[in-house]
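We have chain A already, so just place chains B and C on it with the hints.
Chains as they are written, first to last, in the working numbering: chain A, 1 to 380; chain B, 1001 to 1309; chain C, 2001 to 2370.
To be clear, the hints were calculated from the coordinates, so they are not data collected in a lab. Glycine included, every Cβ here is placed at the ideal spot set by N, Cα and C. Treat the hints loosely; a few may be bogus.
[To be verified] Take a look, some chain B residues computed to stay more than 12 Å from chain A by CB distance: (1) G1059; (2) R1094; (3) A1187.
[What the hints assert, rightly or not] Okay, the calculated beta carbon distance ranges per label pair: (4) B:L1173 <-> C:P2145: 51 to 59 Å; (5) A:K369 <-> C:P2145: 37 to 45 Å; (6) A:G198 <-> C:L2111: 42 to 50 Å; (7) A:G371 <-> C:L2111: 50 to 58 Å; (8) A:A300 <-> B:D1063: 28 to 36 Å; (9) C:Y2302 <-> A:G66: 28 to 36 Å; (10) C:Y2302 <-> A:K75: 21 to 29 Å; (11) B:F1287 <-> A:K192: 31 to 39 Å; (12) A:K297 <-> C:I2296: 32 to 40 Å; (13) C:T2310 <-> A:G101: 18 to 26 Å; (14) A:P292 <-> C:I2296: 43 to 51 Å.
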Amino acid sequence: MNFGKFAVSALSLALAFSLSGCGKTEDAGNVIKIGSVAPLTGPQTHIGKDNENGARLAVDEINAKGLELGGKKVKLELLGEDDQAEPKTATIVAQKLVDAGVVAVIGHLNSGTTIPASKIYHDAGIPQISPSATAVAYTAQGYNTAYRVMANDAQQGRALGQFAVTKMGAKKIAIIDDRTAYGQGLADEFEKAATAAGGEIVAHEFTNDHATDFNAILTSIKGKSPDLVFFGGMDPQGGPMARQLKRLGLNAKLLGGDGLQNANFMKLAGADAEGVVASSPGLPIDSMPGGPEFRKKFEAKYGVIQVYAPYAYDAVNVLVAAMKRADSADPAKVLAELPKTDLQGVSGPIKFDAKGDTSGGAVTLYEVKNGAWQVLETVK
Amino acid sequence: MDIFIQQLVNGLVLGSIYALVALGYTMVYGILELINFAHGEVTMIGAMVALTVIGVLMGAAPDLPGVVVVLAGILVAIPACMALAFAIEKIAYRPLRKAPRLAPLITAIGVSIILQNLAMLIWGRQYISFPALLPVARFHFLGASISLLQIVIVVLALVIMAGLWLLVEKSRLGRAMRATAQSREVAQLMGVNVDRVISATFIIGAAIAAIAGVMVSAYYGLAHYYMGFMLGLKAFSAAVLGGIGNIAGAMLGGLLLGVIEALGAGYIGDITGGFLGSHYQDVFAFFVLIGVLVFRPSGLLGERVANRA
Amino acid sequence: MKRVLDSLRRRPRLAFALLTVLLAALPFIMGFGLGNSWVRVLDFVLLYVLLAIGLNIVVGYAGLLDLGYIAFYALGAYLYAWLASPHFGLHLPFWVVLPIGAAFAGLFGVLLGAPTLRLRGDYLAIVTLGFGEIIRIFMNNLNAPFNLTNGPQGMNLIDPVRIATFSFGKPLHFHGLTLPPTYFYYYLFLAFTLLAIFIALRLQDSRIGRAWAAIREDEVAAAAMGINTRNLKLLAFAMGATFGGLAGGLFAAFQGFISPESFTLWESILVLCMIVLGGMGNIPGVILGAILLTMIPEALRYIGDLQRATLGHVVVDPSDLRMLLFGVALVSMMLFRPAGLLPSRQRKREFAAENGVAEQEQASLYDAKA
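If we strip away everything but chain A, and leave its shape as in the complex, we get:
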C-alpha cells in the first residue's frame, strides 16, 4: 500500500463522516434542562433506571406545581443518559449533557463513573449531585461542584461497625466484600470501626459483582465460626449469599449496608432473608414527612423502589430549592446557594458540609422480621 492511496481512502472516509453531521436543535428559552446519568444497560440497569425514575418523579411533580424563576414561568426537562457503569462512557455522556446546556446533573450512580465525570462538570461549572456515589474520594477532590445526598462509605461503615460490636454483640466477625469501589470502601470502613470497638476480624473473604456462588468462601468462613458476617455489596449477591449461608448451616447473622436494604434483596433471599440486618443512610422513609406519600406515588408510577430512588428524588428537590433561593437557574448562582441547603427530604434532613458531603446524616438500621424490613434504630 502506498501513502498516496492511503491518503485518498482516509480522506474519503473523513469526508463521509464530517458530512454526516446534522444541525443542532435549539430549545425554547423557558425550559431548564437537568441531566440524570446512571447505567441503563448492563448488569446494574435495574438500579440505574430506579435512580432516573426517582429524579423523573420529582421533576414531574415540580412541573405540575409550576416553577417560577426570575419572574418567568419555567419548565424542567430531565435528560436521562446511560453511562453503562463505565468510566469512559461516563465522561462522554457528561460532555454531552454539558453541550446540551444542562444547568445541573443528578448522578452518576457508581463512584467509578461519578469521579471521572465530576471533572467535566467542574470544568463546565455546573453542579453535580450524586444520589448514590459513596466513595470518599468523590468529594475529596476539592471541586465546588460535587455534592451527594447520601452518607459516604466512611460515615456508613463507621455506624455499621460500631453497631455490629456494641449493639449486636458480635465478637468474631467475618467480612466479605465484592471488590467494587462501593463494597470494598464500605467493608474497609466497617473493618476499622469494628476493630476499634473491640470486635475481632476472623476472616476477610472476597467475591465479585457478578458472582452467584458463594459456597466456597462461606464454607471457609464457617471453619472460623464467626458470629457475624458482614457483606459489603449489593442485593444481587446478597440475596443468594443469605440463602447459601443458611444452607451451609452457618450460624451467624448477616449484616449489610444500603446495598442490601431493599425490596429486591427480600425477593432474592426468600425465606432466608429473615433475621438479616442492613443499614440505610437517612431516616426510615415511612417515618419521614412525605415519605409514605413518596412511596405510594413512586410505586403507582414505576413499581417497587429498588434502592436509591428516594435519594435521586431528594437530589432534584435540593437542586430546585437552591434555584428558587437564587431565583435563577444560572449554574454559578445555584452553586452559591447549594451550601446553604437545609431540606427535609424523603430520605432524611439534608445539609451539606464544606466538602459537599451530607453533614451529620443519620444512619438507620433495619432487620427483616416476618418478611419485611423493620426499623431497629437510627444512629447518628
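Below, chains B and C alone, put in the same frame as chain A:
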C-alpha cells in the same frame, strides 16, 4: 476435614453446572470449530422462559406440586431454546460457513448482545427470583451438608453426558455428526445431510442449555438477563480445559474447574499466608487453565493436533 | 464523488494536503457542528484506532488471536498513574512516562507471549483471555498488603499532559473563544496515531511483515523456510503490546482517573470486533472499524432525540435499543461483508477464489483444524 469435604461438594455442584453448559460449546466446536458465544445467552433464555411458565402456572393452578410446576417450566423452555438455536444457526452462522473463522466469531458476539438486550426488553432489568418450589431436603455426609437439588444437578449432568456420549458414539445421527466433524465434503459425498446434522447439533446443545439454565436459576434462586455471559465464559474455559470437541472432556473440564475454584477460594489464603485471598479465585482458575494448555495444548482429553504440514 | 476521488488518486500530493487540512479542522467542525461531546468521542476514536492498529499487528499480521489485549492498555495506564499522580508523589513529565509505559507493556507482551508460543487458534485465544483477566484482577486487588493500585477505588488526580508551562488539563480562553482540553488531546492523539499508522504500514511491507504473513498462513512452512518463528511471534506480541501501553498512558492522562472497570474483557472483544469488522490486516480497514464501533453507540444515543423530533415524544427508550441495535449492526455487517468492510487485497482474493481454495485459506488463517 468436614470443611474440605464441603468444599469438594461445593466444587462438584458448581462444576456440574459448568459441565452442562460446556457440553453445548464443545458439541458446536467439535463440528464447526466455532466458539458459539451466544450459547451462554441461550442458557439464560431457557431460565427466563421457564420462570415465565412457572409464574403463569403458579397463578393459574396454585395447588400443583412444586416439582410438577418446575418440570412444566423445563418442558416449555427446552423447545423454546431449540427453536432459538435453530434460528440462530440458520440466520447468523450458516451464511458464514465459508467465511474466515473470525467472522462467525464476531456474529456470535453480536447474537449474544442481541439476545441479552432482547431479554432485557422482554423480562425487564430486574433480577427475577426463582420461587421456592422444590423440596429443600438436606443430607449430611461426612460432616458436609448436601441438598437434594445439588444431588439432582450432579446426577443430571452425569446422565446427560452419558446420553450424549451414547448418541454420538452409537446412533446414526451421531455417526453423521462425527463424519461431518471430520470433513464436511466427504460426509456430504457419503450422503450425510450436513446442514441438517449441524442444525441438530445446535438444537441438542440448546436443549441441554435450557435444562442447565433452569437448574442454575433454581439453585441460586435468581435469573437475570445478564446471567449467561459469565456462565458461558466459565463453561467455555471448562470445555477448553477438558479438550474442546470432546464430550467426556467437557464433563471433566467442568468438574475440574468447579473444584479448582472452590478449593482455590477456600484455601488460597492459607496457602499463601494471607498474601493472596479469595479475590484471586479466578486468577487461580486461569493459572491452572493456562498451565494445562501450555503443557498439553489440546486440553486434557483432546486429541493431539499435529502441526499441519 | 467518484470522479473527485479518482482525480485525487492521480494527485496524491493534493490529497495529502486536503487530508491534513481536514484532520486539523476536524475537531472544530465537530465541536461547533455537533457539540463538544463529539470532540471527546473523536479523542476516543483516535485512542481506539491506536489500540486497533496495535492489535492488528498481533492478529492481522501475525495471525495470533489475542483476547486479552486490553491488559496492555491497562498496564500503560497504571504505569502512567504510578509515575504521574499523587499516589506515590511522583510527577514525571509525560514524555518520560509514555515511553516507559509503552516499554513496560511491551515487556509484558513478551512475558505473556512466551508461554503461549506452542498454542494455536482458539486455545491461544482462551489463554490470552485468561492473562487479560488475571491482570485486571491484580489491578483490582493490589491495594493490600501494599497499596499499589488503590484497588477498585481507582487512581485519581492523574497529571494531565503538560508541555512547558501549558497544561492540557484546563480549558484555554483565547479571544473570547473557549477551547476545552479535548481539543489539545485531539492533536496529541492524532500525532501518535499518525506515527502508529506510519510504523504499521512500513512494518507490513518490511522483511518482518512478510515473515509474519508467512507465519500466519502456514507456520510449519514458514519455519521450514528458515524464519525464526519464535522470535517473530514474540516480536509481534511486543509490538502490539507497546502500542497498547502507549494508548493506555494517553488514556490515563486524558481521563485523570483510572479504575479496573475500564479494562474489562468486553473492551478486548470490542477492539477485536473493530479490526475484524473493518478488515483484518488492512490498516485503512482497521481504522474504519475503530471509527465505526466507537461512533455507532454514541450516534445511537440520538434515537431519543430523533423520536422527539419526528413523533413528538419518546416511544421507545433509547437506552433499551442502543445495545440491541449495536448487536444487529455487528451481525448484519458480518453477514454482508464477512471479510470486513475494507479487506486487504490478499483476503479479497481468497474470497473470490473457488470454494475449495477459500476453504483451504480459511483453515490456514487460524491453524486449529486437525
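**Q.** Minimum Cβ distance from A1187 of chain B to chain A greater than 12 Å, as the annotation requires
**A.** 40 Å, holds
Q: Given the hint of 28 to 36 Å, check if Y2302 of chain C and G66 of chain A actually sit that far apart at their C-beta atoms.
A: 31 Å, holds
Q | Cβ separation of A300 of chain A and D1063 of chain B, checked against the hinted range 28 to 36 Å | A | Holds - the Cβ-Cβ distance for A300 of chain A and D1063 of chain B, about 32 Å, lies within 28 to 36 Å.
Q: Compute the least Cβ-Cβ separation between R1094 of chain B and chain A, then decide whether it is above 12 Å.
A: Answer for R1094 of chain B: holds, closest chain A Cβ roughly 29 Å.
Q. Taking the beta carbons of K369 of chain A and P2145 of chain C, is their distance inside 37 to 45 Å?
A. 40 Å, holds
Q: Compute the least Cβ-Cβ separation between G1059 of chain B and chain A, then decide whether it is above 12 Å.
A: 16 Å, holds
Q: Starting from the range 21 to 29 Å, see whether the pair Y2302 of chain C and K75 of chain A falls in it by beta-carbon distance.
A: 22 Å, holds
(Q) Looking only at beta-carbon atoms, does the pair F1287 of chain B, K192 of chain A fall within the given range of 31 to 39 Å? (A) 32 Å, holds
Q.
A range of 51 to 59 Å was offered for this pair. Does it hold for the Cβ distance of L1173 of chain B and P2145 of chain C?
A. Distance hint for L1173 of chain B, P2145 of chain C holds at roughly 56 Å.
Q. Taking the CB of P292 of chain A and the CB of I2296 of chain C, does the distance hold inside 43 to 51 Å?
A. 45 Å, holds
Q) Between G371 of chain A and L2111 of chain C, is the Cβ distance one that fits in 50 to 58 Å? A) 54 Å, holds
Q | Pairwise beta carbon distance, T2310 of chain C to G101 of chain A, judged against the given window 18 to 26 Å | A | Holds - the Cβ-Cβ distance for T2310 of chain C and G101 of chain A, about 22 Å, lies within 18 to 26 Å.
In the structure shown, no violation is registered for any of the earlier numbered hints.
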